[in-house]
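Read off the chains here:
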Amino acid sequence: MVAVNLWSGLRALADGQEVVEVEGETVGQLLDALVAAYPGLAPAMERGVSISVDGQIIPKNRGAKVNTDSEVFILQRLYAG
Amino acid sequence: MALDSDTQKFKYIGTRPDRPDGLDKVTGRARFGADFSMPGMLHGAILRSPHAHAKILKIDATKALALRGVKAVVTRADFPTGLTGEDWNIQENVMAGEKALYDGHAVAAVAATSQLIARDALKLIEVEYEVLRHVTDVDKAMADDAPVIREGAADYSVPEGMHPNIVRYMESGRGDLEAGFAAADLVLEQSYKTEAAHQGYIEPHACVGQLGADGKGELWCCTQGHWFVRQMCTAVLGLEATQLRVTPSEIGGGFGGKTTVFIDPVALALSRKANRPVKIVMSRSEVLRASGPTSSASMDIKMGMTRDGKITAASGTFRMQGGAFPGAPVDVTTMLAFANYDIADVHHIGFDVMTNRPKQAAYRAPGAPMGAFAVESMLDELCRQLGLDPIDTRLKNAVKEGTRATFGPKFPPVGLIETLEAAKAHPQYNTPLGPNQGRGVASGYWMNWGGETSASVAIGEDGTVQVSIGTPDIGGSRASMALMAAEAFGVPYDNVRVNIADTGTLGINEPTHGSRATFASGLATVEAAKEAIGKLCKRAADKWGIDAEAVTWEDGFAKPSGPNAGEFPPLSIAEIAAEMGSTGGPISGHFESSPDGFGGSFGTHIVDLEVDPETGRSTILRYLVVQDAGKAIHPAYVEGQFQGGAVQGIGWALNEEYIYGADGRLQNPIFLDYRVPVASDLPMIDTIIVEVPNPGHPYGVRGVGETGITPPLPAVANAVRDAIGVRMTQLPLTPPRVLAAIKGRG
Amino acid sequence: MSKIHVTTTVNGDEVEYLCDPRETLLDCLRDRVGLTGAKEGCGTGDCGACSVTLDGRLVCSCLVLGAEAEGKEVTTIEGMATGDTLHPLQRKFIEHAALQCGICTPGILIAAKALLEKNPDPTETEMRYWLAGNLCRCTGYDKIIRAVMDAAQEMREAS
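So the protein lines, in turn, are chains A, B and C.
Under the working numbering, the residues of the first sequence are numbered 2 to 82, in order.
Under the working numbering, the residues of the second sequence are numbered 3 to 748, in order.
Under the working numbering, the residues of the third sequence are numbered 455 to 613, in order.
Think of the hints as simulated: they come from the structure by calculation, not from any bench.
Hints are supplied without guarantee of correctness; some may be wrong.
[Said to hold, decoys possible] Simulated coverage check for chain A against chain B, where a stretch passes if three residues somewhere in it have a Cβ under 8 Å from a Cβ of chain B:
{"no.": "1", "region": "4–15"}
{"no.": "2", "region": "24–38"}
{"no.": "3", "region": "44–52"}
We put the CB at the ideal spot given by N, CA and C, even for glycine.
Whole structure, please, built from the sequences with the hints as guidance.
Spelled out as structure tokens, the structure:
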């Protein structure tokens, strides 16, 4: 299981939890597992989010590897300018 | 990825050679957007709404079509229906549907045999409007009685009961705010406002489009990203993506504003109808009225600090309008507002609000300068009231590697502290100030970007190197690519030619945006070069009859890797290239990825200025930019990014603003009234390049383009505070506003 | 509307064109003569990207009618280099990285050349005021001013 930190606006969609634990070895698997466990997150995920794994921001690479001890944050979808 | 720069001595990187396209650009030869023409080409012109908000009851183009030379008129009826999401937003923005949503919104377009005829024809199109109530101010647009721009535009995040103009809502943070503020010796609360500023590129949008009844088309345009243009145009017109080939011209500035489309789908729609190529060039007033400026913002900030300068807690509410569509960059504003500092208890609330203004577009570090203005202004005020030095206080709170960012994760290696120390050590910081003079300090951050990237290198028959990238060269990036390719291959800089490939030649590339070109296209160029070098080594190995692994590449030569590999004279890239046709065919290398290893860039600015007490006019006396570049590939163009960002920020702080009349019309749609900084407004802009290598790039590069516009807004405001003794909380600090503040001081 | 026949000299060559009375010199140079080095940044004389000289005088070609060029001498960026030898200003702009996107560069070079012909040894302040009618959005002007100063010095030493 990987601990995933949610921004506070998302917590209401995940039973009020700040950190949720889901299974996954990649960013994509984590995102899918999050929606499976908390269907309320689906619209937020569809709109798009970015993920931070151990301090590195990952805008959209679903294949990026995640370890069980990785520090994972869901962030607002980021874009360039 | 291995960081080579700690161990590697560079031969080319860090030097300042002439840019490869220099000759073209100083002789007038370089072809920009409006410089392209086609045989049989028509000229397009766009009719724009004079109303900020109006129902379009009827459009009658009969008289226009009867004018000699007019070949086609298009309205929204000529575009496909059924689009959703951002595709619909873009379609609605390039051609209004049921309502005109802002002053300048396109409602119809004409193609004619000359530009003069096309403009004459616009006057003959009859449009019947029903004028509606409008709103252009972000706070007023959130009020209960505000006219609704569009029902149902809000997404999942907006709690029930909010005004329909609020289309996104966000909250983020951590810790215990109450406890954090209780631990402070001083807590301040203040509201701040910034006005919308335009990117102000000197080259108006321009394109030539050709689209046939077979659904195949070509487009030449000035853009930061031609694959974005392809995606948007084909979505808006209902075409298949790869049936439209987009070729970028040289680009006369973009700063984020040329990452989207305004006229390109219209030119293609006219072309499809007229069966001839159509050229559209925006006028300056069209650029200001109808292409995207950035958001305006209204913000409430609260911060607490201990007597010795430790920030104990911070919270902010950020309300931003992005015009008549969702998309104000409030997500980035909330994420980065307090990101310079190590704060345990922090909270952000953000609102994305629609108004009757043009659809905002990205502008250099989109969303970051507004938050920085509010937060760095308040930090300055806290320091002032507690008698603390602004740089020492920033050093006390500055984030570094391992600090938990206010947006969640821990920072990788970053250079904020290094920029603060270099700024403090610079003589400007201790230069005595005269009467009516003030000094301001501020720091800023941009997290940078990777993005989809594809690049190719190909070896010429004479051993020179051709690099093909997909990020238009907006500020000298051909030089950076050539330097990195020269370094990777070990060939002279002049032996590298860098081409910007069209959409038919490479895989998808995101635009030159997010400060990503030197990082991402540079990384792809280096990796593509490595692949080609592998092939060059293999050819040498075959010739010598040894294993490819026993060959190394050094300074442009293949060499046996050691005594065991055998003794052979080194083979140059030119020697291998001369034989490549008979040794296995052309040699090239390719690389594609969406690289994640972009490292953010921090900067710290110091500005000294003088305020004329008679007029309220601020004159910049001295300006220093210190910023982390990771590794400066071509230092002159890195300095140029620092200087250009700083001056755009100075303009936003002192003069630039969108001024709307009570009728909702833009009052200042020309450069005389939308006042960007001119040469006589400014001193030299001093720079210090700090290099804290980014582990995510083979040479340590961090993007540098955007950070530089973030500190100037608060730095200038802090300097004006220092000069006049009054804290100004609304930008721009125009002479009348400053004068009023001085008079009000009593 | 009937067109006006104009005979003029552009960069030393005799040129003829037919233009609408409403067309600007900038339109005529770009669309009738085929010289696209002068750029339209504003059309209102505020940005200087269309700078050319008309009988030696610096003008915004977007504020001059095409018909007004009759019998006059026009110099554009295309006429600045001598053969393949760049003018010192052109060379110094490349050396100093005084351009980023390059759209303002032709106008600024024409304006700077006009300045140095009037005043071979301008102060930094004089340069900044002379060039105040030429907007550059990329550079913050620092490297532009340095390039002009360096070129002026080289030209003084050479004369």
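Against the structure, the hints:
1. Under the rule that three or more residues need a Cβ within less than 8 Å of chain B, the assignment of the region 4–15 of chain A holds, with 4 such residues.
2. Under a criterion of three residues with beta carbons nearer than 8 Å to beta carbons of chain B, the stated coverage of the region 24–38 of chain A fails, only 0 such residues being counted.
3. A count of 3 residues in the region 44–52 of chain A with a Cβ less than 8 Å from any Cβ of chain B is obtained; the coverage claim is therefore met, three being the minimum.
Checked against the numbered hints above, the structure violates only hint 2.
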